[in-house]
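A.B. asks: The residues making up each chain are set out below.
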Amino acid sequence: MKVELYNRICAAQKLSRRRMLQGSAALGAALAMPKVALADSHAKLRAEILKIPGVGAGSPTDADWQKVGEMVLGATKANVAEGEFKGVELTFMGLNNQNLHNFLFRGFLKPWEAYTGAKINWIDLAQADYNARLQQSIATGTVDFDIIEMGAPFEGDVLGKGLASEMPGWVRDQIDMNDYVDYLKAPVGTWDGKTYRVSIDGDCHTFSYRKDYYDNADMASAWATEGDGSAWAPPKTWEMVQKHSKFLAGKTDPLTGLEAYGFLDPLKGWGGFGFYFLEDRATPYAKHPGDPAWLFDPDTMKPRVNNPAFVQAIQDVMDLIATPNAYPADQINADPGTTAFQQFLAGTGGMLDWWGDVGSSARTSDTSVVGDVVGFDINPGSEKVWNSQTSSWENTPNQSPNMAYLGWGIYVMATVDSDTKKHKAAWSAAAHLGGKDIALWMSAYPSGFQPYRNSQFNYDEWEAAGYDRAYIEDYLGSNLESYNHPNAAIEPRIPGIFQYYSVAEDELAKGYAGQYKSAQETADAIAAAWEKITDQIGRESQIKLYKASLGI
Amino acid sequence: MTTEGDLLHTVTSERISALRRRAGRSLVWVTGLGFLAIALWQGLYSFQKVGWGFDTWRPVLFAYLVWATALCAAQVIVRGEAGKRTLFILPAVLFVVSLVVFPLLFGLYISFTDWNLASQDGMKPNGLDNLRQMWNDTFFWNALKNMIYYVLAVLVEYAIAFGLAVLLNAQIRGRKFFRVAFLLPLMLSPVAVSWMIGKSMMEIRFGPLARLARELGWDRPSFFGTPEMARFTIMAMDAWTFIPFMMIMLLAGLQALPKEVIEASKVDGATPWQSFREVIFPLMLPVSVTAIVIRIIFKLKLADIIINVTSGGPGGATDSVTSFIFREYRDRSNVGYGTLLAMVYLVLIVIFITLLLKFASRFLERPQ
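Same order as they appear, the protein sequences are chains A and B.
Each residue of the first sequence is one higher than the one before, counting from 1 in our numbering.
Each residue of the second sequence is one higher than the one before, counting from 1 in our numbering.
Wrong hints could be hidden among the right ones.
Keeping only pairs whose Cα atoms sit at most 27 Å apart, straight-line, the calculated DSSO-like set for lysine-lysine is [what the hints assert, rightly or not]: (1) A:Lys436 - A:Lys517; (2) A:Lys532 - B:Lys145; (3) A:Lys436 - A:Lys194; (4) A:Lys302 - B:Lys124; (5) A:Lys436 - A:Lys67; (6) A:Lys517 - A:Lys532; (7) A:Lys161 - B:Lys124; (8) A:Lys436 - A:Lys77; (9) A:Lys67 - A:Lys236; (10) A:Lys77 - A:Lys51; (11) A:Lys77 - A:Lys422; (12) A:Lys161 - B:Lys145; (13) B:Lys145 - A:Lys517; (14) A:Lys194 - A:Lys77; (15) A:Lys194 - A:Lys421; (16) B:Lys124 - A:Lys544; (17) A:Lys211 - A:Lys251; (18) B:Lys124 - A:Lys547; (19) A:Lys436 - A:Lys185; (20) A:Lys77 - A:Lys44; (21) A:Lys67 - A:Lys77; (22) B:Lys124 - A:Lys532; (23) A:Lys161 - A:Lys185; (24) A:Lys77 - A:Lys110.
To spell it out: a stretch of chain B is covered by chain A in this simulated footprint if at least three of its residues, at any positions, have a beta carbon under 8 Å from a beta carbon of chain A; those stretches are [to be verified]: (25) 70-82; (26) 101-113; (27) 202-209; (28) 324-331.
In case anyone wonders, no lab produced these hints; they're calculated from the structure.
Note that the coordinates shown come from a computational prediction; the quantities given were computed from them, not determined experimentally.
No residue lacks a Cβ here, since even glycine has one placed at the ideal position from N, Cα and C.
So that you can see chain B by itself, here it is in the shape it has in the complex (with noise of 0.2 Å):
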């Protein structure tokens, strides 16, 4: 037993043999390349270039599970003690290779074929075919242009949210019970504010928001009738349910204001307004920002509500590109145009969420 150095950390020997090192590095090569050939053969017995091959993929799975164990045993055997440092991190990194960029790589592969599930032949390349009926696609533009009114009505739905966080960081009667009350809707699953209120509540004969509506005057009340009123209600479902989320955050950041700057503008004068204008809300756009881009990135997604009460009608008016994409992909099994669409539309939420937080980056900083 070793009485010298460093004792507390060291609990291998680090002097490692070259046959050792010749042993680890020939277990990754021999696993990789074996890893690689029958992927190799597989893909060649799948476009029928060879006569025989396995069932299915799964040999090659073995394989590339065989070939990740030895390399991170491999680390091990090669650099010691550092390579078990190493073991610490590299089964996640193989793990989100195998399951994040292995699987986006294939949907991308997948989004220039012509993959109809019902089709005799499976799946065919088409190179640039699912582009050019993307580009032709009303159904598709139209959706988009709905994307960008729903991404609008965040801009109201945090002007909502802030009043409400503003009322409840004021000392009112009955605030714990308002700031319980108020997040309710935030538990709610959105298929259950679809069925409840989409489907009960506003159900034109017998729902109390239609006996409301008649109440108030509006003789036959239609919530969904037309284009505007159905995108409208969408609207208005969808930020019932999430302004909470923005006011919670909001709240937070209300709270977490010094208070000795507020109160240094009272005792300079400042009304109530002018309090809130010019010490309040520039320094709380940091939070603000934040409350907005998570929410835009909430809206993207945007798809059960429409899915369940409109299906995207009438005529398109309400279909977000998520529902349309659902429609195209499920009910028509019609997988290469339906993954295409949805990778421009990654690349439409990656283009767009970089721009705005580049955009919203200035905002970020609170003020000096």
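This is chain A alone, in the form it adopts within the complex (with noise of 0.2 Å):
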């Protein structure tokens, strides 16, 4: 869990004494429970690392992360003798973001170090340094790290070129892969077939709106004059996303008293992650139940971006730009730190799309001003779907929520394969970090991590440990269904796809300017930058990385 997340959390339910007492009391009686106790002694080990250092009492420490991975050195005991390892040094290079990451990471291995007689040695780097650090590392042929905490999206430039190692059958066994909620399944975290990744973390947009909004008489009726006729109730198409939007255009918010506003679509780049925010609008059109690619055609890179369904998508969003009061002023300067932070959670407009963080922050946060009244849900679908291979437009409806950025896992680099030993105290130091136990940790308590396991959505666990049922459903339950969505948008695993979002930045905004004539000139300019990425990066390899990326 992220630890601004967990701050919040625990201010907002006002973890009193009292209340402790009784989450306590409630872990106390489930595990009093001689049935549940005796028969599964696994459930009783989840439920006492919940128990470290205990929710609401304080942020955990580094002793508590030895603890815990103290606790959850029994998978690894299974798999390696004691002192296996001696005289292996390992590198690992990771994050220290917000102080976690590589600082949990330490933590949770110390013990593992102590039993296996393996050193590990840190490489930390701020998030900003962190895709210069590893594509020069890359590019010069500098790769001095065993081991490496790395996005998703970054899989293409290092498994592409086959730097990293085989995941080992022993290591699936140890971190039961089968739990993973079925995006981070195969092909994510696969190259040809072949598994490399760990799982740490799930990462998914979900949709947040303004339950009052809905619930307003006033709107409501104004909505049987002015609407289309359907029922005055939360979107869950792209089409009606639009129509609310160019209705709630000069409307009063009923919560502040001041302007009321749609869908807030962050207008300005945001290094590259601006763009997730376009293939939110853009998915439901574009990714056909039948075609597991999306944004390239798969046999020859041509970007799909300037298809008729990413021009739907930008050209709903120049409507709205073209639309009265659609949108807060300046709304061309906004990122999308300022869509779900300055607006969204302050109250200003009416619907969103983000990452888990904004849908649990909008109950916790000091500056959110909307707990009471947001409702959550998967990214709205279409009323209609492209179909690239007929090069026609489908009607029938269509839902494709998007898995932006995939999440964080652990990679063991090749560089371990020449040594047996080595080769088996990285894959341990990774398969100890990926392990069942310690993710249900990662999620609850400030680790920087989201649940990427359907095992982490046990409410029950979560209750018995002391958090606010009803909130954890609502926080959890749009990501869960995103997670395990049969026509999701996963990312295409190639080499620079932050090259490619950063440019379509670039362009959408001189779109959005104006500096285009329409929605399918940007969505040219935006392939004709793609195109020559491609051709500079190298289109075939670009062509055999991606359908490996597909699975294809």
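Grab the two chains, each in its own frame, and use the hints to assemble them into the complex.
C.D. replies: Below is the structure:
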């Protein structure tokens, strides 16, 4: 769980001593049930893990991380003899965001080091330096680390170049990969049919909306007059999002008494991450259930970003720009951070797509005023879907949640492959961090990671640990539905994917500022820029890697 | 022990044998040739012309360090006392060559390559392709055009800074307080300015500046909504940060003016405006030109506020060359093209500043 989120939850729940005792009592009661306690020692272990240090008992310290690392060591002990890796030294490269990530891993791995005899050296990087450091290491052939914490979008850069070590079968069993939510199963984490990734995190965009807009009688009667005859209810499709957004322009927000707005599109770039938000609008139109590809044509790497599906998404945004008061003033300078934290949570705007953080912060952030009036859903669908195979629209409803960024994972580099002992040691360390039980702790306490396993959505465990059940179900429900959606839009894990996003942001900014004549022209400019990047990186290799990433 | 000659300065005998000279020269040649041989071999290896070589270029660096050390030592071996004098400057020269000249030349080489860090094939020399790409790159020319606006804004900043400097030079109440208060923005990091002012105070719903604007009758304040407004706002934030810098330079200049000349003008019956226009302003020209030139150099590096507040938008209206290169190089890992843009910008800056200094040189001498 992200640290600010944890703090906010604790603050919001006002976890008093009494309430804490209630939670402990509930947990104790659960544990006291002889049937559970005796029959399932594993469940007991998980409950015990969740007590370190105890929800609301302050932020966990290095001692807590070590304790958790010690408690989950059972899986390692089943595969590794004590002292088996004596003399092995490994280098681990990861992040130091918010003093989490690598700091946690250090604590978790300390008992593992003591047991196995291996020693780990650490390379800590700030998020801003991460991409450049990784790319330079790869480009200059100076991979000086054995284990890396890495986001799935970089798999093309690393796995595609054969720089990572294939996961041994015993690791797969140790970490119970069948427990992963659907979208993190193959092909994510795999390349050419081989598995490389130990997941430790999950990511996707979900839809948040203001329930008070839809409970408001004045708005309902106005919609009855001005609307399309449909019921005044939270929109399920982008077509309805558009209609509601245009309708809401000029209305009054029932909560703040200020101007009401509909959907909040971030119109400014965000270092490549802003393109995910146009994807949210485009995926239901562009991701056909019968086709795993949606951003490029896998046979030619021809961009699909200028096909009618994406043009529709861009046009929708342009239509709202052209509608007076459909967006707050200065929306052209609003990035995703602004739309989420300065606008939606602060009571501006009726609808938003974002990662799980915002859905939960709505209830717990000190600056949020929408906690009691926010509802969640998966990414809106569409009433039609573009079939790239037949180059035609199909008038069938479609849904496709956007699995934006795919989350962090642990990867072992191929540098260890030549040394059997080092190879096993590196994979054992990775498996220790990606274990099922440690995952539960990481989602319940500040770690910087979101849930990524089905077992992490067992709400009884959360409630027993002291969390508010309604809150947790709200927070996790829309994520779970997105994660396991059969037509989820999975990010292409090709080399340089953020280069494509970054240049798209620049061209979109020009389009939104009216420097291109139409949505089609904007999309064509993006496609032309993407073609250049593909040619520069190497078209043939990109085709090969894209197909590999899609599992074709 | 000798008792004749220059006892104060001569600390070693100047009698250097031919053998010692030869040994010194040989040391330089042997280590130099060794360095060149290793560098050449490693170069051939990296271009796959020979079958084996080092994994990294580090041994070449070590060979260079050995040669550099030998070169320094040889100065003393070959030339004795005179060589020691050379040693005062030679390590610094080698240091500059290593860390400035070599990277510059290497950067020049990179700028004529197709090098995308995500590419499977690595760096590939591509002739003048990057220059051609730059020629057709509307983003680059747009950023360069914006730089003209940004640089022209320095004149307005100068006028404001001069006005403030004159005020602070006058006998006003609380002068010391205002001198410190006006300097405060300069002490802030532009990144802090970006967030505190650009992102918080100008936030359109709650930001105090937006509230003030509404109080003043601007119903829907928008500081970044149109290209012109966004560019103006960026200029204003940058000006707010750096006007104190110009102001303090001008204030120092004002305080150094000869009082008797100004008093003489008053005695001669000049009005305050005449005194300023005919005496103070001309006397201040050298300081003014220096302040403007330094400020322009600062301005040409403008990037942080833009990157943080507008990312160059809307539609490139606020992009500076540096912020564009930042996106091209960092976000898109386009090392070859990004380096070329930086090199071209460097050349443009050198030409511009040279012309500017030449033009300004006539003002740099105070009128007699």
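A.B. asks: Which constraints among the numbered hints does this structure fail? Numbers only, ascending.
C.D. replies: Checked against the structure, the hints that fail are numbers 1, 9, 12, 25 and 26, while the rest are satisfied.
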